[in-house]
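Using the sequences and the hints, build the whole thing.
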Amino acid sequence: MAIHLNRRTMLALAGAGAVSLATPLAAQDTALRLAFIPQENPEKLLGDIEAITGWLASEIDVPVEGFVTIDHAAAVEALRNGDADISFMGALPFVLAEAEIGAVPLLSEVYRDAPSYTGRIFVRRDSGIAGLADLRGRDIAFADPISESGYLYPLAEFVEAGLIDGPGAAEAFFGRVFFAGGYQQAMQAMAEGLVDAAGASQYADLLLTPQQQAQVTWIAESPPIPSHVVIARPGLDAEVQDRFTNAMLQLNEPENRDKLRYLYGPDGYVRADSAAYGGVRDMARRYGLLE
Amino acid sequence: MIQKFLGAFIAALASALVLSGPVAATPAKEAPWLPEAAAYRLTLFLANLEPLPWDDVGTAWAESYRGSEFAVGALAWLNGSSDIGPAPLLNAITRKDRQAVFAEATRLIARRIDEELDRAVMADDPARAQQAVRTARELYRAFADGIAAADPDASRRIGLAWLELNSSTGSAGVLGAGATPASRKTMEAAREVISGYLAENYLVDDFAPRRTLSALPETVVLSGRTIEVPPSLPPGSDMFDQDPLPRLVLNFEEQGIDETDLPLVAYGDMLFDSAQIFGNPAQDLGVACSTCHNRSDVNQRLFIPGASHQPGAIDVDGAFFNPIFNDRRDDPIDIPSLRGLRFTGPYGRDGRFASLRDFTRNVIVNEFGGDEPTPFMLDALLAYMLEFDFLPNSMLTPDGQLTEAAPEAAQRGEAIFNTPFAALGDRSCASCHVPDTNFLDRQAHDIGSVASAYDGARTGAMDTPTLLGTAYTAPYFHDGSLPTLAAVVDWFDESKALGLTAAERADLTAYLETVGAADEPYETFDAENTAFRLAFSELTTFASTLNTLLPQRDAEHILLLTDTVAADLSADASTMSNLAARPEVYALAERLAEVGAAVRGEDWVAAEASWTAFKSEADAIEERAF
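Respectively, the protein sequence lines represent chains A and B.
The first sequence begins at 1 in the numbering used here and counts up by one.
The second sequence begins at 1001 in the numbering used here and counts up by one.
These are computed hints drawn from the structure, not numbers from a lab.
Hints are supplied without guarantee of correctness; some may be wrong.
[What the hints assert, rightly or not] Some chain A residues judged to face chain B by a derived CB distance under 8 Å, without partners named: (1) 70; (2) 97; (3) 113; (4) 145; (5) 194; (6) 210; (7) 211; (8) 270; (9) 273; (10) 287.
[To be verified] Footprint (simulated), chain B over chain A, 3 or more residues, beta carbon under 8 Å: (11) 71-85; (12) 173-183.
[What the hints assert, rightly or not] Chain B side only, calculated, beta carbon under 10 Å to chain A, not exhaustive: (13) 1130; (14) 1173; (15) 1180; (16) 1181; (17) 1231; (18) 1232; (19) 1572; (20) 1575; (21) 1581; (22) 1582; (23) 1590.
Just so it is clear, CB atoms sit at the ideal spot from N, CA and C, and this is done for glycine as well.
Rendered as structure tokens:
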């Protein structure tokens, strides 16, 4: 996108509650500040933020502001220095933020009734590729080198199968390894025959045309990956955390579900279970991202 | 009925997903067109219409396209994100110079791609480089289908270059961990593949004249080769996303008769959903009868730039669908509902066709450029469409009187509806919208709702529309110029000087809303009755006509069926909530395609065997897959 985000604050959007006569919580006499990571059209995200912060402000009686950061690192930095109270985050950056600044998980996204998903290795059905070993010397496109389901977990399947010694040894097994920039780009490259396989989210084939979907299949699937998480900075008042969390859980109610589209489009939220991210911590250690 | 709607909707959605943003945890949503790429594609589309709607071309660049996620149009967007000025393009638009507009717009997009590639190569961190690559690639989307159609080798080369380019931007890692540096040399080499092709094909000084504007590369145009670029609709088009889904009331179904026992009706049902009966571009775009008249009702969202002046309206005798039928008049009409069709003749907004058969043939052959339908096809389509019933309405008796369930205001309004007015020639609303004949009189009247086509013209008469079901078919009048039933009442009161008080107008509106209401206007879905289940049931019903057609060795109509249903079945699998069962549905679709392949090879034994297998497998899926 051509929007050029500053390192930290794109803008602060005051929710309706920010100018309301709502009685602020004693522990939160200033606005609750939410950091968002752009995943698609940043301009649309700004509109979404305005809508959701306005609703949240009315629900928790605290002014709510939202701003877009350029990436996870900027969001974590904002949490660390108090510029943000809460941030939306992927599972991997969360476990690193947890280790680095003591970030607290509040909520996990739910998709298709589960707060988790998987990564898969997709191939074309007419490729003759039946198993991971068949990809020796062949080209593969992953989504991004820091994507859980679009790289780390699918690649680990090759390690588990004994085809790759470990992270960093992928090039010796495959022909070429590309990072396409996203699930859809990786899947499209596979479907069009630019590469032989794609590593992406279990749902990534839904990003292809219906005709293409019928032409692809998957040959390996990772263990469940905890879905994206909403985290709080350490020290955020417990009552504020509760009110925010309870308000977010109201999004599961039928009358509020239409608002989920303003928040990366999950099917709902559940309270986060920190233990569920143990596998991600292990994966981060395996890739040398976490000590 | 639903399967074409769903399948094509997903096709439209997925085709829009040419590019999307960074990695998300779940399926990405539809990627928006970047404003300048959208304006370019709109310009190509509009400039192929005759007469060319120049105002719309200007608007394409000045305003954000319909449904855009971007608040601003291409010009404002360029002003904020690019150093490339649009003055030469705007000058060409002002001069209404079609070739110059094409040349300037094409060069502008190519320069924008280069500009973003420059930014990518110069970026000092991976995030910015990837952002620039992503933007460049989204702009490339404006040319991609032309290159893919004309020059597959180049398309593949460039596709690999995008992969190479993105891969070589490096990674910022996660919070500093796992960061990798960019490879400038690789980036520049990949970029050169893309920029070199752009320079040769889209940044040329003088483009060869084109009869049809498209994104075909210049070198291919100069070669004189005939290249068919698959038809596409421009950004802002909306054909399939209809929610809630209108409820379909079929007479036989309400009586408990199974459609599989009515093969002619079932075949007509299939044809109503088949794009195969139309010519191109409608066929390739998946346009079927049900695209506009979904579930016998109205697709209120349908919008095609240049052919629709508002959602739910379409100019079916314009330049796009069948140029030979282009009447060169900008006269889109509001799509009428087909409910109760056997009671609503004559057909067409002005009642120009007394015969539904003639009307249907005109739609297929003239409006949408299809081949001449066989008598069997027309018989089947009519057999099906004549089953369309009005929506049950418990506030109305069969002879059009209000029941006790109707609100009091409507009861008062009923009296006004039946009151003769001197200004109406001592006629009442009920004189034309006759309650005991489904609120119509099967005649055309000039009520002054149509602007005169020329001095002395007597062309304003429109067929009296039924009032049944109209609570769900807004807007109103032939051109959809009145947004609500209240506006319709106001229009009559003011234009005919009826002298109604505000209270009387409210009561009359309440009456219209009551007459136009229904007990269950929309299809209701839940965990059991899913959209896919409905589609699956309909598609297997369509296929059941093979029980009749195979013994008759009717190859022509068998192939029309298998081509339509196999493709739709496969496409609809993507809408299944039970994703794990998709392969079974793909296999079932292939089984039906095998029937078609065997018939093409005149191997009737194999065709019968595949059909038997299809039935068995369909039954098994029906039991397991939902």
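For this session: Mind listing which of the numbered hints don't hold for this structure, in increasing order?
Result: 3, 8, 9, 16, 17, 18, 21
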